[in-house]
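Residue numbers (our numbering): 76 to 550.
Wrong hints could be hidden among the right ones.
Estimated spans, in silico, between C-beta atoms of each pair [to be verified]:
| no. | residue 1 | residue 2 | range |
| --- | --- | --- | --- |
| 1 | A315 | A443 | 38 to 48 Å |
| 2 | T278 | P437 | 50 to 60 Å |
| 3 | A95 | G496 | 17 to 27 Å |
Honestly, the hints are just simulated from the structure, not real lab data. Note that the structure is predicted; figures quoted are calculated from it, not measured. For every residue, glycine included, the Cβ atom is placed at its ideal position computed from N, Cα and C.
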Amino acid sequence: MTAPATAGAPVRARTGPATAGLLIGMLLSVLDQTVVAIALPAIAADLGGMAGIGWVVTSYLLASTATGPLYARLSDRFGRRAVFTAAITVFLAGSALCGLAQTLPQLVAARTVQGLGAGALFVLPTVALSELYPQRLRGRVQGLTGAVFALASVGGPLAGGAITDAWGWRWIFHVNLPLGLLALALTAWALRLPRPPGGGGRTDLAGAALLAGATTAVLLVAEWGGTAWAWTSGTAPALAVAAAVLAALFVWRERRAPDPLLPPRLFAVPALRVLLPACGLLGVLLGGSVFFLPAFLQAAYGMGATQAGLALNPYVLVFMAVSTVAGSRVGATGRFTPVLVAGAVVAAAGFVLLGALGPGTPYAVFAAEIALLGAGFGLLMQNLVVAAQNAAAPADLAAVSSAAVVVRGLGLALGVAAFSGLLTRELAGAAGPEATAAAVPDVLLWGAPAAAALAALLLLLRGAPARGGARPEAG
């Protein structure tokens with residue numbers, strides 16, 4: 076199959092193997108956000124206690140989120156394949172170092188290296204897959220990326236627990252090596268895409284540094300504000316101010332840079348002014364649900380970590396199926412707005428039902444409710460990205476894709492932080508499974524008004540022209 080060219084003559088691409096390599100890379104990127112969570116006690120016991128253990132997760136999240144837009148711009152200049160293969164090489168080196176770490180600082184440093192590579196492994200497949208396939212198939216193939224996200228997000232803790240129990244925590248990093256090498260081989264051999272138009276300018280390193288600093292400050296506040304750092308301590312407020320200042324400097328820089336990292340013209344497109352905030356709000360809802368559902372299962376039903384992971388299959392399977400099918404159907408019809416609004420409404424209904432859970436709720440009822448939530452997220456997840464891609468000019472495909480993914484990642488971190496704060500307030504110092512089982516539904520109920528706000532925001536797409544006065548559906 077010949078990949079559609081964005082500039083110049085068409086380039087022969089082995090589309091199937093290239094797609095497989097890109098999706099494996101994406102799977103590894105998301106999996107390593109969650110796979111270590113359940114292994115943290117074993118890591119702490121081996122490397123010297125719980126002090127600072129949270130940085131094993133946070134260092135990866137910071138590095139991978141902050142570098143996404145830079146990778147997108149670099150791929151405009153040097154090509155998708157070259158940048159993706161370089162990034163996955165860095166990721167594999169970091170994974171090997173993680174498995175060899177003998178102290179906690181060594182592991183945190185290795186996780187940072189791993190995250191620096193992972194920053195490209197979600198952003199670039201989102202871009203490259205949209206270039207490998209014609210626009211009418213874009214929704215279908217991006218639906219696969221939504222399925223990968225669901226599988227890795229919920230399957231990560233399950234895989235981490237099983238691997239740690241069977242072989243030890245170091246193997247959660249070692250297993251990346253054969254999969255990563257397969258992704259590297261497939262993309263190096265099969266991925267062939269022309270250079271995007273306008274991609275030959277200088278990379279905006281100053282803008283990348285400012286954006287990375289602002290993103291890091293926001294994530295640190297979200298991860299540690301109110302927990303490791305009291306809100307009255309001065310550290311969290313100072314970081315919030317730093318984030319605001321760095322963000323303002325980034326906007327100032329982008330308006331003046333000859334080749335900006337995120338072109339200001341993106342935010343002049345009315346559809347993108349709706350879709351990018353919607354991606355962030357979806358991230359909040361994802362973070363506020365998927366990370367707390369296992370806690371309810373373990374507290375209410377007495378499940379172990381592995382059992383809880385398996386019990387989330389209704390959520391994962393429906394999310395994957397709906398994401399794939401909805402992407403295919405919407406890609407064929409080109410009508411995004413009704414599907415996106417319906418997804419937000421379905422998600423709101425799922426949160427309302429989950430808010431009524433109790434310790435005595437039968438598992439069958441819980442399974443039906445999380446399946447409904449998975450259906451809502453499946454309608455939203457990658458259709459938001461595809462609608463944003465369709466609203467952007469071809470030269471801005473990488474920039475708008477990276478913006479959507481990074482904004483969603485920031486929203487996810489903020490959602491985890493916000494819902495964690497709500498859970499702490501609901502528990503009010505109480506401990507034990509009964510208290511957790513009673514508190515988690517009250518926290519999940521807060522997702523309903525957030526999802527309703529998302530539906531209201533998405534309704535604005537009906538009157539928001541995309542580039543050139545077309546609607547996002549027409550792209």
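Here is what the structure says about each hint:
no. : hint                       : result
1   : A315 with A443: 38 to 48 Å : holds, 40 Å
2   : T278 with P437: 50 to 60 Å : holds, 56 Å
3   : A95 with G496: 17 to 27 Å  : violated, 40 Å
Hint check: a violation occurs at hint 3 only; the rest are consistent with the structure.
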